[in-house]
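Student: If you want the building blocks of each chain, they are given just below.
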Amino acid sequence: MPRQKPPVVDDYVPEPNEIYDLDNKNQLNMANLIFNDRLKIADEYDHYPHCKWAVIEYKSKSLRDSVEQLEWTAKQLIAMGREVDHAIIVAKGIDNPERNLYRKRRNILFYKPTKKPVTISTGNSKIAVEIFNPYEIDRQYKKYRGTLRSWGFK
Amino acid sequence: MGIQVIFYPARLSTPEERALDKVKVCVEAVKFFRNSLFYPQDIQVWLDASSVALGGMRLKQLSMENFYENTSSLLEYLKTLNIFDLSKTIILFNGTWEFNGVSTGGYFSVQNQEDWRKTYGDIALSAYARNEFEDIVDALWSLENGKGIAIEFVKTITRPDRSLHIKPSLMSFTNGLFSENDPTNLRALYLSGERKSLLRMFYKALLASKDENIVAKSKPIETRFLIETLMSNAIVTERIDRRLERDLVDELPARSTFYYGRKPDSFKNLFHEISEAVLKPAFSKLPKAEIVEQKIDEGLRDYEGEW
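Listed in order, the protein sequences are those of chains F and L.
Residue numbering for the first sequence follows the working numbering, beginning at 9 and increasing consecutively.
Residue numbering for the second sequence follows the working numbering, beginning at -15 and increasing consecutively.
FYI, nobody ran anything at the bench for these hints, they're computed from the structure.
If you're wondering where the values come from, they're calculated on a predicted model, not measured in any experiment.
Beta carbons are placed, not taken as given, at the ideal position from N, Cα and C, and that holds for glycine.
Mixed in with the good hints, there may be bad ones.
[Unchecked claim] Some chain L residues judged to face chain F by a derived CB distance under 8 Å, without partners named:
| hint | residue |
| --- | --- |
| 1 | Gly89 |
| 2 | Thr103 |
| 3 | Ser110 |
| 4 | Asn115 |
| 5 | Glu118 |
| 6 | Asp119 |
| 7 | Gly160 |
| 8 | Leu161 |
| 9 | Ser163 |
| 10 | Asp166 |
[Said to hold, decoys possible] Covered stretches of chain F (in silico footprint by chain L; criterion: 3 or more residues with CB under 8 Å from a CB of chain L, positions within the stretch not fixed):
| hint | segment |
| --- | --- |
| 11 | 52 to 60 |
| 12 | 66 to 73 |
| 13 | 76 to 84 |
| 14 | 100 to 110 |
| 15 | 142 to 151 |
Generate coordinates for the entire structure from the input sequences, incorporating the hints supplied.
Tutor: See the structure below:
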């Protein structure tokens, strides 16, 4: 299993110092992220160089829990006046019983009973929850090897 | 996710009675862990799904300031719902888990909504992943007396209660989600009905794995007949005994049977061993379904009597 890393978004990846581990109190303080409730918090809040912010959940073993953590974290970030442009789950796949409820289509997570993408509110709009397999991310990095745009000015 | 409870109807009952009984059992489950490992914060009743992101709608929220009063209020509220809405509810008991000084959010949930029930069981317990543990079973097993807690929890939930119309048929403790089609992530398992339930579960999982030799021969064989034939055979008992010991799975009486894997891969090994030593050999001499069909056809054609 490749090391967990954030997916490539619009040809960008975040710089290491723009990746905020939401379990790490020091990093939360540095980024001035003050959560009322950290118990349902997602894993990372990453800043991509083209000024997009992503909330990412890696560790959860169920999509139900991952979605709830992303939704909860996004809600708290919006309440803090922060931006959320992407909500991402990184998971090996959709485990057997959850295939009753979810499917993945082109990296968008769909909820089968409604046949619609799973969406999270970001204040005035909604964003679809994206889902990536760690091997897909690894291939993204290899494909873009050396050519990833790390700065918006390139 | 990590702990699931699945019920069967123990006596004649209405869907409302069964839905409310599940909530009553869930309250007992919360009480078991309350103020030792789990600190309840609120109760939420959702329709269709347990989050807005999945198109769910929150019908009711109750704080947990007074546990007994609010759980009674919950049951009274649910009785006011019509059966169509009640059958689409998901009830959450949200709160905080604390394992070895590490806190994380989590919940107990009752799935009345059918798709959710098929996916997550009748009752599910979960703790959100942290760096220190991946899920509630991971966290529970990290405790010094984790095994004892799991056994006592099973005894609490399976305690006979004549007021209930349901009984637990299965309680699973897994890393990740429980699936009958793949028992390899089990850490512990309660099954009603003793060993034949375990064998039945492994047989269904073997079928789901699409093992060609089994699938091709399984159609004419009624599952109940197969399991009862196997269980009545001393060779099977001996082989299961040996594999349970070898794969480090403790078989403990707990009103029916509670299997506890001493290592993370105990159940994975047990499933593999019982498939190889019992299920596959049992099928090895049986004809394929197409041969049985041919024989049926031959018998019909050989009939010389009057039509």
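Student: Using a Cβ cutoff of 8 Å, are there at least 3 residues of the segment 100 to 110 of chain F near chain L, or does the coverage claim fail?
Tutor: That given contact holds, which follows from 6 residues of the segment 100 to 110 of chain F lying within Cβ reach (below 8 Å) of chain L.
Student: Holds or violated: is there a CB of chain F closer than 8 Å to the CB of L/Thr103?
Tutor: holds (5 Å)
Student: Is the listed coverage of the segment 66 to 73 of chain F by chain L valid when you require three or more residues with a beta carbon under 8 Å from a beta carbon of that chain?
Tutor: holds (count 6)
Student: Quick check: the segment 142 to 151 of chain F, covered by chain L? Criterion 3+ residues, Cβ under 8 Å.
Tutor: violated (count 0)
Student: Go through the hint on L/Asp166 and say holds or violated, using the shortest Cβ distance to chain F against 8 Å.
Tutor: OK, holds: L/Asp166 within 8 Å of chain F, min 6 Å.
Student: Checking hints one by one. Is L/Gly89 an interface residue toward chain F, by the C-beta closer than 8 Å rule?
Tutor: It holds, given that the least Cβ distance between L/Gly89 and chain F is near 3 Å, below 8 Å.
Student: For the hint on L/Gly160, does the least C-beta distance to chain F fall short of 8 Å?
Tutor: Since chain F brings a Cβ to about 4 Å from L/Gly160, closer than 8 Å, the hint holds.
Student: For the hint on L/Ser110, does the least C-beta distance to chain F fall short of 8 Å?
Tutor: Hint on L/Ser110: holds, closest Cβ of chain F at ~6 Å, below 8 Å.
Student: Mind checking the CB of L/Ser163 against every CB in chain F and telling me if the closest is under 8 Å?
Tutor: At about 4 Å, which falls below the 8 Å cut-off, the nearest Cβ of chain F leaves the hint on L/Ser163 intact, so it holds.
Student: With a cut-off of 8 Å, does the beta carbon of L/Asp119 approach a beta carbon of chain F closely enough for the hint to hold?
Tutor: holds (5 Å)
Student: Does the CB of L/Leu161 sit less than 8 Å away from some CB of chain F?
Tutor: With Cβ-Cβ at 5 Å, under 8 Å, it holds.
Student: Closer than 8 Å between Cβ atoms is the bar; does L/Asn115 clear it against chain F? Give me holds or violated.
Tutor: holds (5 Å)
When the structure is compared with the earlier hints, violations turn up for hints 11 and 15 and for no others.
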